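Participant: Residue numbers (the working numbering), protein chains in the order written: chain A, 1 to 791; chain B, 1 to 176; chain C, 1 to 346.
It is worth saying that the hints were derived from the structure and are not from the lab.
DSSO-like cross-link-like pairs, simulated, lysine-lysine; straight-line CA separation at most 30 Å:
1) Lys708/A x Lys397/A
2) Lys2/C x Lys74/B
3) Lys74/B x Lys55/C
4) Lys11/B x Lys2/C
5) Lys2/C x Lys89/B
6) Lys55/C x Lys8/B
7) Lys89/B x Lys64/C
8) Lys10/A x Lys165/B
One-sided excerpt, in silico: chain B residues whose CB lies under 7 Å from chain C:
9) Thr9
10) Ser38
11) Ser39
12) Asn61
Computed Cβ-Cβ distance ranges for the label pairs, DEER-style:
13) Arg71/C x Glu137/B: 23 to 31 Å
14) Lys8/B x Pro218/C: 30 to 38 Å
15) Ala17/B x Arg161/C: 45 to 53 Å
16) Gly281/C x Gly136/B: 46 to 54 Å
17) Ser90/B x Pro85/C: 21 to 29 Å
18) Ser102/B x Gln65/C: 43 to 51 Å
19) Glu48/B x Lys13/A: 28 to 36 Å
20) Pro45/C x Lys53/A: 21 to 29 Å
21) Gly59/C x Gly269/A: 50 to 58 Å
22) Ile69/C x Val101/B: 47 to 55 Å
Note that the coordinates shown come from a computational prediction; the quantities given were computed from them, not determined experimentally. In this text, a Cβ means the ideal position worked out from N, Cα and C, and glycines have one as well.
These are the residues of each chain, in order.
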Amino acid sequence: MAQEYRFIGKPTKRQDAAAIVTGGAQYLDDIKFHNLLHGKVLRSPHAHAYIVKIDKSRAEQLPGVEAVLTWEDVPDWIGGTPRVVRVLDRKVRYVGDAVALVAAKNAQIAKEALALIEVVYQILPAVFDLEEAMKPGAPQLYQELPGNIVTAGTPAFGRNCLTEVVMGDVEKGFGEADAVCEGTFGYENIANPIPPEPPGAVAHWEEPNRVTLWVSNQASYLDKIILFHLFGKKVEVRTHGAACGGSFGTKLMSWQVQSYATLLSKATGRPVKIIFTKEEHIAAFVLRPGSRMHARVGMKRDGTVTAVSGTWLVDTGYYSATTQAQVAVGCGEIQLMTRCDNWDLKTAIVCTNRNASGSVRGFGGQELKCSFIPVLCLAMEKLNIDPVEFIKKNYVKPGDGYFWRDGDWYTYRGIDYSDCMDQGARRFGWQEKWQGWLQPSAVDGPRRRGIGVGVHGNADIGEDSSEAYVRLHPDGSAMLFSCITEHGTGQRSNYVKMVAEVLQIPMERITVSPADSLVNPFEYGPFGSRGTYAIGSAAIKAAEDARRQLLEMVAPRLDAKAEDLETVDGMIFVRGKPEKSIKWGAMGYERTILGYGRFDPDFTLANCMTTFVEVEVDTETGKVELLHVVNATDAGQIIDPPGLEGQLNGCLGSSGIDSAIFEETVLDPISGHILNANMIDYKWRTFSELPPIDNVVLETPVASHRFKAIGVGEVATSPGPMAILMAVSNAVGVWLHEYPVTPERVLKALGKINANGKVNDSAKVNAKVNAKVNAKVNAKVNANAGSGGAA
Amino acid sequence: MAATNKGKTAKPAKVVAFSVNGKAVELQIGSEPHQVESSHTLAHTLRETLGLVGTKITCDNGACGSCTVLIDGKAILSCMTLTVECQGKSVMTIEGLADPVSGRLDPLQQSFIDHTAFQCGFCTPGMIMSAKALLGENAAPTEDEVKEALSGNFCRCISHYHVVKAVLAAAPGGSE
Amino acid sequence: MKPFLHLNAQTVAQAVKSLVKFEGRARLNAGGTDLFGLLKDEFLPEYPEAIINLKSVAGLNYLKQSKGILRIGALAKLCDIAESPLIKERYGALAEAAHAVASPQLRNVATIGGNLCQDVRCCYYRYPRHLGGPISCARKGNGPCLAVRGDNRNHAIMEGRKCFAVCPSDTAVALAAFDARLVVVGPAGERRIAVRDFYHPLGNALERDEIVKEIEVPALAGRARQSFLKFTLRRPIDFAVVSVAALIVVENGVCCEARIALGAVAPGVIRATAAEEYLKGRAIDVESAAQAGELALAGARPLPKNAYKLEIVKTLVKRGVLGLPLETAGEGDAGGPCPHGNPERG
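Using the sequences and the accompanying hints, generate a full structural model.
Facilitator: This is the structure we're talking about:
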């Protein structure tokens, strides 16, 4: 049972609530700057080409234009992992790649100047499919990456960065299996989380080597570090974070737009703002990685996985920044959900001539599992194993071990999530609805229902480092210094809550520093699900440190030992004797007390999200409708109930569940243009189509920090897509292999459109499909009736 | 109506006058820095000329509802409205909802706070304005009517469920 | 948006005069919801020199019925058409179609004239200039159609020629079922064009300087069961993947009049005449409705990625004829008179 706290676990008002509802919250584009210029980017019409010649003279002559920069004008700043992507290059690698930058007195003039830049291209052959890109003779994106294979492993995770899962003896494992299944599934619709606020930056360069940036990011400190390295460690970088209009992981890397603004400011000596249009946001920012897995699994009748082998191919688009990290984390996460002794899972990251993939909520694991769990399902189908029983049996248990992202082996010391999965299944009504593999749960004329379940969890909740200060003031107030922005999770207010609980002062008496890298200590940022445990730990420790100093300082005044003192609402007294107390002011009015807290990485805890879905498929139109969602998780201790509920409801959007239903980035297969780079053609869920969502949140104390809590928000998007694929396959009685489950794919699976795109005789097909399904349903119903009678 | 009578062609206007949040605004039309260009959208004018940055721009192409404001009480998209075509209109933005004297929030705004009906908050002003238009026409909407009224508003965090509750709770004729 | 000259027309005649004066370099603005996409994305080779505002023309937003003919001013807003008691009562399929367009905010400004005259939604045609576009194409007269070999999931399954973009208008589908005509004004005076003849693969039937002034909807003989069904990937906002308007008049148990219009399957609105003829004189039941669905596909030649539309056409025609909603549970019984299907889901 969770403990009762004064603030923790209570619904409290977000500190920025009034600003948000009055339009007063300042997002990047709302900040006013003196003498500001506006930047725009000229983008490539070709997927792959050399720039033979650029003539910018006409653009430079347009009144109001202050700078035009091409690859010939800019320093050799190189980004990516490994560093192969120049900020501006003489080669373009996708339709929309940056060719030139313009700064002008307003955005319209900058846009008009783009049209005056004359570029001569030498067009090169392009490649859009990852396996095509790996073939000998395929167009090569970078000299440094032969075969378009991106160097495995990220230096950020150390020299032994996880790049594969290899252990035990797979042949022995397959030999012990009751069923061995293999298959290829892809999660390749490169969905886009599209936060509403587009990417952007304002940069102000000061000679000789200093730049201040206003950024839209979850973690402004990380921007400072990324840019410092990108700028050759020769530029002093300061970053200001503000309210962030959504990120979902994507704004972890905004180095390109930040570099563009920096270069234009350097060239003009004035602050320069670049805000991407929504079209640029969709076609030239961050997509989910494409994932294709060919795997072979061995399974016993009791659901034990005896062996996994295969290849996980990841399409990163025209470059990788975080993809190696996503593969490393994905390789860890696959072990968390599959307790197996024998592995031979190899990976490869491949470059293709499309917009880049990058960091997105679900970070590697979502992409991997959407392709891998369906292969497990083939074996479960063969052995008639209920998938809920399977995930209960196979999700990591206390004492189990796994290789995590740095290549080291960790022993799990968290909780067993079986109870949580059971409670979710009960809320959903899984047992009543489950009819067996490839069986609809209900049939009504042409409409068939199906159910599915997915699971995801990671040991990222304790990744990377955080630092915080807490400063106590003699008037009984406090300030938290933590370099985090508010990007929608409510975490800035949650850290206030944690500090308030430690210091026992009202939340209103605590302010949080602006997310300015100049004044705050190191902060990696609220990525993955690390906010609650990692960042929270730093804030808690800083508050505890400050409290300890305060009590030690005033202890002599109360003739007591510091450890016997309590403080509540700015008063200090001996525990149990509140009648004799002194105020914080006893520290002296010309003094503040500064506490410091630090969190170091811990990969021995993992969160877990199980998502159950029910869909209804119209077998005459192929349309899939989402009827019900149940998310089940255990947060250890809920910090803020409405905030958590919001995070879990987020399972639909930001390329989560809906990336299996209608979300996809449509790439022209011949030219490489992204054809739906607008918010009509890129589909997102509206108020008109809200399925009921039930969130089952348990609170089993976890050995994390003082409040026994862990983060679960990020992973809410991840189990859903695979659950949808399972549910639709069950509804129609045939395995679907691709996301999203469009009407075309459903009708094809039903045999209503043949491979040549022609329509089959519908009467015959319907009769056949209905006969097959009805026979199975009837058999099942009869069997149930029999056993029901006995009970 | 044959086109041959009285052969005048259509004419441009020199100024445009309308009200924003109850205050009269008169803007010259032209291409000087202090003027409004005929191609400026209302969203642009509100944010860049009048400094009312509470109105957010997400898609700037009519698909997301972030820039929703009220014109004569109706919810419209300010990114798809030319400022020069606002002559004589009454525009209300998110900045105009709270009581200008007491600063007291509109019941809708308070309800959004009470229900934590936002996550990143970027789409919230547009949501509140769509809801404001609804409650102006229908003091006791059903849940379906709330969803319908907000069906053109994009939110990626999925604050929808909390928003629906907040709007129903703020409805003057509602039962909640 | 790039600058343009902005003109307020006081009368339709003034607007026509201005069109003549600008010789094709001016564009009309009614609700603006389609026009601004063009102005912002600059996907056409030419940017207009002038925008002629039609909203300044007084009295062109009427909805009135006289002598059995419904007359709709071109500036009537979609929100008003969707809510009009007259239209809901007598022309339910049109009210449904108007309600099915875009989002509430857009329906508050979008006009029926604009909805009928809007440009196509082809993703190649509309590819924005500032993302390495625009893309040349047959419709622009400067290149081949890329959709034929590319992604044509939303393109025409019939009657495409050079260009395979489909007519995106929802109201056109309902109006074509009503045999509505457009009253068009130009320098030479007025003329009438049937909605079903208004669209062709490379554009519409308007001459350069013509304006749609009014929509005339003739009265239906008898009390028709009306249906407008719009299939999309999600609601609302989307343009139709397939839409169907069906008007069925049944007397003495047999169908005496059937009008079936198909949207988003061809450059224009298709009247499924073979299906209409087949139904006349028959009882409306599941078999006849399904057969009408099959016959509605006459002449269909899908592109490689849009054969799925055929199934959807068949299904929507069947359900429309039966008066069933889009998301129907069963297909058993037509269920008596259904004013105009497609109720909102919960």
